[in-house]
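Chains A and B, in that order, give the protein sequences.
Whatever position you read off the first sequence (first residue = 1), add 23 for our numbering.
Whatever position you read off the second sequence (first residue = 1), add 34 for our numbering.
The set of hints was computed from the structure by calculation and includes no laboratory data.
Note that this is a predicted model, so its numbers are computed, not measured.
Ideal placement from N, C-alpha and C gives every residue a C-beta, glycine not left out.
Just so you know, not all the hints are guaranteed correct.
[What the hints assert, rightly or not] No more than 20 Å apart at the CA atoms, straight line, and that leaves these computed lysine to any residue pairs for SDA-like:
#	chain 1	residue 1	chain 2	residue 2
1	B	41	A	50
2	B	158	B	136
3	B	212	B	242
4	B	41	A	40
5	B	168	A	111
6	A	68	A	195
7	B	168	A	40
8	B	158	A	43
9	B	168	A	57
10	B	41	A	262
11	B	41	A	68
12	A	68	A	185
13	B	158	A	54
14	B	168	B	143
15	B	133	B	143
16	A	247	B	41
17	B	133	A	35
18	B	158	A	118
19	B	168	A	28
20	B	158	A	111
21	B	41	A	189
22	B	168	B	183
23	B	158	B	181
24	B	133	A	68
25	A	247	B	284
26	A	68	A	46
27	B	158	B	139
[Said to hold, decoys possible] Only some residues are given here: those of chain B computed to face chain A with a beta carbon under 7 Å:
#	residue
28	64
29	148
30	152
31	217
32	259
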Amino acid sequence: MKRSRLPIWITVGALIFFYLPILILVLNSFNASRFGTGWQGFSLKWYAQLLHEPEIWLAARNSFLVAFGATALSVVLGTAAAFALHRFAGSRLQRFHYALVYMPLVVPEILMGISLLMAFAATGVRLGLGTIFVAHVTFCVSFVAMTVLARLQDFDDAVVEAARDLGAGWGVTFRRIVLPMIAPGIAAGALLAFTLSIDDFVITFFVAGPGSTTLPIRIYSMIKFGSPPLINALSTILLFVTFTAVILSQRISSPRR
Amino acid sequence: MKAGPRKRGAEWLASGPSILWLGLFFLVPTLLVFVLAFRPSNPFGGIGAGWTLDNIRRLTDPAMLAVARRTLEISLATTLICLVLAVPVGYTLARVSAKWRNFFLMLVIIPFWTNFLIRVFAWKTLLHPDGPIKQVLAFLGLVPAGASLLYRPEAVVLVSVYTFLPFTILPIYAAAEKFDFRLMEAARDLGARPFLAFRKVFLPGIRRGLITAVLFVFIPALGSYVIPDIVGGPGGEMIGNKIAQRVFVDRNLPLASALSVVLILSVLAPLISVLLLQPKGERPEIL
Chain A
24 MKRSRLPIWI
34 TVGALIFFYL
44 PILILVLNSF
54 NASRFGTGWQ
64 GFSLKWYAQL
74 LHEPEIWLAA
84 RNSFLVAFGA
94 TALSVVLGTA
104 AAFALHRFAG
114 SRLQRFHYAL
124 VYMPLVVPEI
134 LMGISLLMAF
144 AATGVRLGLG
154 TIFVAHVTFC
164 VSFVAMTVLA
174 RLQDFDDAVV
184 EAARDLGAGW
194 GVTFRRIVLP
204 MIAPGIAAGA
214 LLAFTLSIDD
224 FVITFFVAGP
234 GSTTLPIRIY
244 SMIKFGSPPL
254 INALSTILLF
264 VTFTAVILSQ
274 RISSPRR
Chain B
35 MKAGPRKRGA
45 EWLASGPSIL
55 WLGLFFLVPT
65 LLVFVLAFRP
75 SNPFGGIGAG
85 WTLDNIRRLT
95 DPAMLAVARR
105 TLEISLATTL
115 ICLVLAVPVG
125 YTLARVSAKW
135 RNFFLMLVII
145 PFWTNFLIRV
155 FAWKTLLHPD
165 GPIKQVLAFL
175 GLVPAGASLL
185 YRPEAVVLVS
195 VYTFLPFTIL
205 PIYAAAEKFD
215 FRLMEAARDL
225 GARPFLAFRK
235 VFLPGIRRGL
245 ITAVLFVFIP
255 ALGSYVIPDI
265 VGGPGGEMIG
275 NKIAQRVFVD
285 RNLPLASALS
295 VVLILSVLAP
305 LISVLLLQPK
315 GERPEIL
């Protein structure tokens with residue numbers, strides 16, 4: 024039976040659409056031309072100039088600081104949440120709990136940013152890295168909980184029952200049985216939380232204060248007021264770092280053959 | 035001892051921390067937005083004393099209504115274009131061999147890993163008056179030399195499609211993968227032309243995936259802020275920009291709250307309508 028080739032062409036077109044802007048950005052980062060209008064020769068001068076921008080490195084440090092902290096706390100909160108959602112599924116408390124964990128995934132970022140800002144403004148909390156940390160934990164918890172929950176759902180509850188029947192308490196059962204079995208889910212959740220935290224702009228922008236610039240906030244102000252080739256160079260470095268991290272994490276997590 | 039107090043204790047111990055955290059930093063702040071919408075602002079950028087309906091009244095400004103309408107139009111256009119592109123892509127992914135499928139899926143997911151601001155910025159360069167797209171179009175005589183591709187609602191739609199397309203492809207592919215393509219062959223054997231079989235058999239078969247895809251694009255598109263801010267200009271502003279301006283430009287938090295209430299309600303509308311209109315088995319798994 025003959026099939027239409029149109030869907031395949033649309034697929035190829037969509038992939039070109041996905042990659043063309045990124046490709047041009049990377050090429051332009053090596054372009055000597057300041058405005059990226061036409062190729063004026065290969066140059067690394069934008070990369071060299073990045074070294075003289077201390078604000079970028081300070082922002083990167085802030086981003087890493089927040090991301091490590093937010094990942095650590097959200098992994099603890101999210102794993103406990105996933106455990107409760109799975110183990111006590113169906114109880115009235117867990118139905119409420121599920122809705123509470125689920126909603127932050129649906130709500131547009133700007134609403135989460137504005138509502139946290141209102142809460143901080145109403146209680147007189149000073150905006151800074153602390154408020155960014157709180158905001159990041161809040162959206163990361165849900166992503167960690169859902170990732171770990173997906174893993175728990177493939178998991179045989181009989182093992183837990185067996186441990187309990189043999190006299191292990193909840194703490195021991197969790198530490199010795201459940202935790203090792205869901206460790207890959209926790210690792211995936213942590214990786215997701217870290218990436219989301221380091222990438223987040225909208226929520227961070229609303230709850231950031233003076234002196235708490237993160238890398239995305241710095242990139243935003245460069246886009247608004249700065250020099251395009253510098254952003255191209257910085258973006259290319261970030262792309263390289265993310266791709267390496269993703270390829271490494273896939274190598275680690277994929278089953279060995 | 036199964037359902038005894040110890041079990042309740044364990045349940046609270048495990049769910050207490052996340053309930054407390056999300057209650058304190060998600061639920062209460064969201065409710066606070068509703069409360070603050072009815073408070074006046076004070077000259078210091080804070081929240082004044084007493085109660086008022088002024089903020090709600092200001093929502094019916096003709097300028098505000100125009101922004102609300104544009105937000106809806108941009109979000110609908112983005113959703114529609116994403117669907118039109120994602121259905122053939124999802125169909126292709128479900129039909130090609132496993133090797134190609136994994137390769138294509140990787141290619142669809144990789145853009146997710148790049149920072150969102152960088153992707154939007156890449157388009158700003160592309161659409162720039164001196165950028166390649168404009169030069170090609172002007173060379174072909176498709177746009178006048180002085181035209182701008184940036185800072186207009188169409189640019190917001192284009193970059194939104196770029197951003198949200200992967201979110202539409204994945205649920206549609208997931209549904210298409212479970213679809214029994216023998217049904218299409220049966221329709222063809224019974225004399226249906228290819229497009230008719232596609233429309234009458236395939237599309238209804240992946241309905242759940244389509245609904246998920248619509249929610250995945252339409253809801254975040256309604257709350258867009260960065261895309262219109264960077265490529266939209268004053269003529270492409272959406273409700274998110276208005277909220278941000280009230281916060282960062284004239285520091286009127288109560289008015290920002292009132293605008294946010296509108297956004298919250300418009301995000302809830304599609305969710306609730308799916309819940310009410312779709313029978314339980316046909317709802318997306320996420321609901």
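Hint check results:
1. For the hint pairing residue 41 (chain B) with residue 50 (chain A), the CA-to-CA distance comes to about 60 Å; that exceeds 20 Å, so the pair is violated.
2. Distance hint between residue 158 (chain B) and residue 136 (chain B) is unfulfilled; the C-alpha atoms sit about 31 Å from each other, more than 20 Å.
3. A distance of roughly 11 Å separates the Cα atoms of residue 212 (chain B) and residue 242 (chain B); the hinted pair therefore holds under the 20 Å criterion.
4. A C-alpha spacing of about 53 Å is found between residue 41 (chain B) and residue 40 (chain A), which places the hinted pair above 20 Å, so the restraint is violated.
5. A threshold of 20 Å between alpha carbons decides the hint, and for residue 168 (chain B) with residue 111 (chain A) the separation of about 58 Å lies outside it, so the pair is violated.
6. Restraint check for residue 68 (chain A) and residue 195 (chain A): not satisfied, since their Cα atoms lie roughly 58 Å apart, outside the 20 Å limit.
7. Simply put, residue 168 (chain B) and residue 40 (chain A) have alpha-carbon atoms about 16 Å apart, close enough for the 20 Å limit, and the pair holds.
8. Taking the CA atoms of residue 158 (chain B) and residue 43 (chain A), the gap is about 13 Å. The hint holds against a cut of 20 Å.
9. A threshold of 20 Å between alpha carbons decides the hint, and for residue 168 (chain B) with residue 57 (chain A) the separation of about 18 Å falls inside it, so the pair holds.
10. For the given pair, residue 41 (chain B) sits about 48 Å from residue 262 (chain A) by alpha-carbon distance, which is inconsistent with the 20 Å threshold.
11. Our distance criterion of 20 Å between C-alpha atoms is broken by residue 41 (chain B) and residue 68 (chain A), whose separation comes to about 64 Å.
12. Distance hint between residue 68 (chain A) and residue 185 (chain A) is unfulfilled; the C-alpha atoms sit about 64 Å from each other, more than 20 Å.
13. Proposed proximity of residue 158 (chain B) and residue 54 (chain A) is supported: the alpha carbons are some 17 Å apart, at most 20 Å.
14. A hinted pair counts as satisfied when its Cα atoms are at most 20 Å apart, and residue 168 (chain B) with residue 143 (chain B) does not qualify at roughly 28 Å.
15. A distance of roughly 16 Å separates the Cα atoms of residue 133 (chain B) and residue 143 (chain B); the hinted pair therefore holds under the 20 Å criterion.
16. Simply put, residue 247 (chain A) and residue 41 (chain B) have alpha-carbon atoms about 55 Å apart, too far for the 20 Å limit, and the pair is violated.
17. Of the pairs offered as hints, the one joining residue 133 (chain B) and residue 35 (chain A) holds, with about 16 Å between alpha carbons and a cut-off of 20 Å not exceeded.
18. Between residue 158 (chain B) and residue 118 (chain A) the alpha-carbon distance is near 44 Å, which puts this suggested pair outside the 20 Å criterion.
19. Between residue 168 (chain B) and residue 28 (chain A) the CA atoms are separated by roughly 30 Å; this puts the pair beyond 20 Å, and the hint is violated.
20. As the CA atoms of residue 158 (chain B) and residue 111 (chain A) are separated by approximately 49 Å, the hinted pair breaks the 20 Å bound.
21. Restraint check for residue 41 (chain B) and residue 189 (chain A): the C-alpha separation of about 17 Å stays at or below 20 Å, so the hint holds.
22. Using a Cα cut-off of 20 Å, the hinted pair residue 168 (chain B) and residue 183 (chain B) holds, with the two alpha carbons roughly 7 Å apart.
23. Among the hinted pairs, residue 158 (chain B) with residue 181 (chain B) is consistent with the structure: their alpha-carbon atoms are about 15 Å apart, no more than 20 Å.
24. The straight-line distance between the Cα atoms of residue 133 (chain B) and residue 68 (chain A) is roughly 41 Å, outside the 20 Å bound, and the hint therefore fails.
25. Simply put, residue 247 (chain A) and residue 284 (chain B) have alpha-carbon atoms about 19 Å apart, close enough for the 20 Å limit, and the pair holds.
26. As the CA atoms of residue 68 (chain A) and residue 46 (chain A) are separated by approximately 19 Å, the hinted pair is consistent with the 20 Å bound.
27. Restraint check: the Cα-Cα separation between residue 158 (chain B) and residue 139 (chain B) comes to about 26 Å, which exceeds 20 Å; the hinted pair is violated.
28. The beta carbon of residue 64 (chain B) is positioned within 7 Å of a beta carbon in chain A (closest approach about 5 Å), and the interface hint is therefore held.
29. Taking 7 Å as the C-beta cut-off, the interface hint given for residue 148 (chain B) holds, the closest approach to chain A being about 6 Å.
30. Taking 7 Å as the C-beta cut-off, the interface hint given for residue 152 (chain B) holds, the closest approach to chain A being about 4 Å.
31. For residue 217 (chain B), the shortest C-beta to C-beta distance to chain A is roughly 13 Å, which exceeds 7 Å, and the interface hint is violated.
32. For residue 259 (chain B), the interface hint holds, the least distance from its beta-carbon to any beta-carbon of chain A being 5 Å, beneath 7 Å.
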